[in-house]
Amino acid sequence: MQTEILGARLIDPASGRDETTDLFLADGRVQAIGQRPDGFAAARSIDARGLVAAPGLVDLSVALREPGYSRKGSIASETRAAAAGGVTSLCCPPQTRPILDTPAVAELVLDLAQASGHARVFPVGALTRGLEGEQLAELVALRDAGCVAFGNGLADFPSNRTLRRALEYAATFDLTVVFHSQDAELAAGGLAHEGAVASFLGLAGIPETAETIALARNLLLVEQSGVRAHFSQLTSARGARMIAEAQARGLRVTADVAMYQLILTDEALHGFSSLYHVQPPLRTAADRDGLREAVRDGVISAIASHHQPHELDAKQAPFGETEPGISSVEVLLPLALTLVEDGLLDLPTLLARLSSGPAAALSLPAGRLAVGGPADLVLFDPSRSTVVGEHWHSKGRNCPFLGHCLPGQVRYTLVDGRIIHEA
Amino acid sequence: MTPTYAKRPLQLNDLGQLRHFLSLDGLSKELLTEILDTADSFLEVGNRSVKKVPLLRGKTVCNVFFENSTRTRTTFELAAKRLSADVITLNVSTSSTSKGETLTDTLRNLEAMAADMFVVRHADSGAAHFIAEHVSPDVAVINGGDGRHAHPTQGMLDMLTIRRHKGDFEPLSVAIVGDILHSRVARSNMLALRTLGCRDVRVIGPKTLLPVGLEQYGVRVFTDMAEGLEDVDVVIMLRLQRERMQGGLLPSEGEFYRLYGLTTQRLALARPDAIVMHPGPINRGVEIESAVADGAQSVILNQVTYGIAIRMAVLSMAMSGQTAQRQLLAEEQK
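Read top to bottom, the protein sequences are chains A and B.
Read in order, the letters of the first sequence correspond to residues 1 to 423 in the numbering used here.
Read in order, the letters of the second sequence correspond to residues 1 to 334 in the numbering used here.
A portion of the hints provided could be inaccurate.
Unchecked claim - To give a feel for the contact side, a few chain A residues facing chain B, derived at Cβ under 10 Å:
1. G190
2. E194
3. L269
Bear in mind the hints are in silico, worked out from the structure with no lab data behind them.
Ideal placement from N, C-alpha and C gives every residue a C-beta, glycine not left out.
If we strip away everything but chain A, and leave its shape as in the complex, we get (with noise of 0.2 Å):
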C-alpha cells in the first residue's frame, strides 16, 4: 500500500533534517521525501500540514507483563499504548513470568509481538537466570533469539565477582549490558527519596548514595571489562554528573531517565498517592532539574516512559504495600513535549532524545526517518493538546496525569507504512 504525507514539517534529528516537505511511503519503506517518484498512486493521502513528522518514537522500557502477568497488561494492549504515545519500537524488560532468561521466553515475546503488536518490539533479556545474579544467562543463545541487550533490572548482584565475570562473558561477545544501578542493601525496605519528605510522612528512606555507590562500582567494572553499558533510569542530579564524567573520560557509556522523573519531585508523596509510588524512587526538585540540564546536555540521550502497568489492586493499600510504577507510554510524547513547553530544550533535540538517542544506545535498527528506511513514523499537532485518560488502551490505569492537559496530540502513528494509530 502506498501512502502519501502532504506539507508536514520533517523532524529527523539523526540526519539533522528539518523541512516542511511531502513523505511517500510504499512497501512498508520511505520511497522518496520531497519528490513524488514517477508513478506513485497513492492510496492514502494525508493532509499533514501542521503536523510535525518525525521517527517513530524509540521507548528503552515499556513493561508488556506477558507472560506472567496478563491482569497487568498484554503485548496486545500495551504495544497499542505505545502506538498512541507515539511509540513505534519499544524495548521490554525482563520481568516476566517466567523471567526472560531463556530463548523460549524471548521467542513467545516475539511471536506474540508479531501476532498481536503494534510496535516493533525488542526483548532485554535477564543477564542471569532468574535474575539471581549468580549463574550467567545463556547470553548469545538470548541474542541469536532476539535480545538485543541484557540486565538484571533493579536485582543487584550479590558478589562483584560473579558482576564481573557478567560483564566480561558479555564483552566477549559484543553484547550490551543495561544497569539499574541501586546497591539493594542501602535500599533495602525503602518506599521513597531518603529525604524531608520521606522523614515528614514517616516512610523509610531510599539514600541517593544508593544509586551512586551501585553506579560507581558498575562503572568501574564497566571501564575493566570493556562490556557496552547502558545505564537506565537514572534519578539524581549526582548520579548524571558521574555519567557525564565517565563519558568525558572516554567511557563508551550511555543513559536514560524516565519521563515522569523529569516531572515529579518527591514532594508528589505528600497525600500517600500511592500512583507516586516508583522504584526507584522519584527524589528532590534539584535532583529533577539535574536530571533536566543532563537531557538538554546529551550526556543522558534517551527519555523512556519505563512504562509499569498494574491492575487496580496492586495500587489499592497503604502506601507500601502497593506495588511500584507508573502507566505512561501512552502519553509519552505529550509528558516529553512538556519539556519543549518548559524552554529546556528545542523540538528537534527532544526528538533526538526520544528516537535516534535511545536507538544508538542499544543499536536498535530503528529511530531514523529517512529514504529507503522503514516507515516509522508519528505524526503529530504540536498546536493541539491532549487531555490524558480520554482515550487509554493500556491495561493499567495507574497513572497521576490522568486528567492533565498536555501540549501536543499524536495524531497518526505509522509502523512499516501501516497506520496503526491515528485520532
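Given chain A's structure and the hints, the job is docking chain B onto it.
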C-alpha cells in the same frame, strides 16, 4: 509543566471542622486548642461516679487494630464507652489479613455492620489516609498510629499533659529524646509543639536514630544528652525497640543507656520543676531509670488519664464534624 499536588484537607469538613483525625499536619492552632479545651472538660467526667456522657449514644465505634496495642486500644475503648457509644474491638493482625483478606475488604465488612467511626492502627505509614479515602463518606476515621508517620491522639495527649502542668507553650523548652527516626509519637509532637507556638523544641539522639530533614519541624538537633537537656521544662522520652540493636543502629542497650538514658543525675540538668513524659510502655534501664520513671517529676501515668480525655474529645468532635457535613450536603441537595 508544573505539577499540582492537590493537598485537600481530607480530615476537615467544608466548615473547617474535624471529620477524620489522621495527622496534625495542616491543623490550626485554634483547632488544636479546641481539642485541648474539650479534653479538659472531659477530664472532669472521669472523676464522677457515673463516668458517662451521652454524646455518642446510638453510634458504633469500631477499633480496628492491625498492630498490637494495649494502652491505645483500651483508652480508645474507654473513651468511646464514656461517650455512650457501642464499641467493637478487632485485632485484625490475628484474624482477617492472615486469611488473605485485603484491607479494603476488611473495612467494607465493618462498614456493612453500620459502624460510624473507625479507630485504626496500622504498621504502614499512610494507612489511615488510605482508609479515610476509601471508606464511605459517612464514616469518620481516627488514626491510632500509622507506621512511623503519625500518632495524633498521643501527640495531643502529650500537649494536654504539658499544658496542664506547665501552662502556656510559648516560653517552654521541650526536649524529645531517643529513637526519633522510627517514632510516630515524635513526629506528631514536633508538629503539635510548633503549631502551638513552642519556641524551643529540641530533639536528642545519635545520628542513626535521627531522620534527615529535621529542620523542617523547626527543631534544634542535639547528639549530646547533657547539652540538649540544659534548662528544659519538659523531657519526652521515647521507647527504644529491641530490634534497633540489629542492623547497626546501636551497639547495645547498655551503651544507649550510658549515652541517652534519663537518669536522676541527667535530669538535674533540666529545670528543677521539669516534667518527665513517656508514651509507654517504658523500658526501665534502657531509656529511663526507675527512680526517674517513678519519681516526683514523672507525669507518665497522668498521660494515660489524659489520653482518655483527649480521645473522648477527638471522637466527639469528629462525629459532630461528620454530622455537620452530612447536614450541609443534605441542604445543598434540596
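Status of each hint after checking the structure:
The beta carbon of A/G190 comes no nearer than 12 Å to any beta carbon in chain B, farther than 10 Å, and the hint placing it at the interface is violated. Checking A/E194 against chain B by beta carbon gives a least distance of about 6 Å; that is within 10 Å, so the hint holds. With a least beta-carbon distance of about 9 Å to chain B, the hint placing A/L269 at the interface is held under the 10 Å criterion.
Violated hint: 1 only; the structure is consistent with all others.
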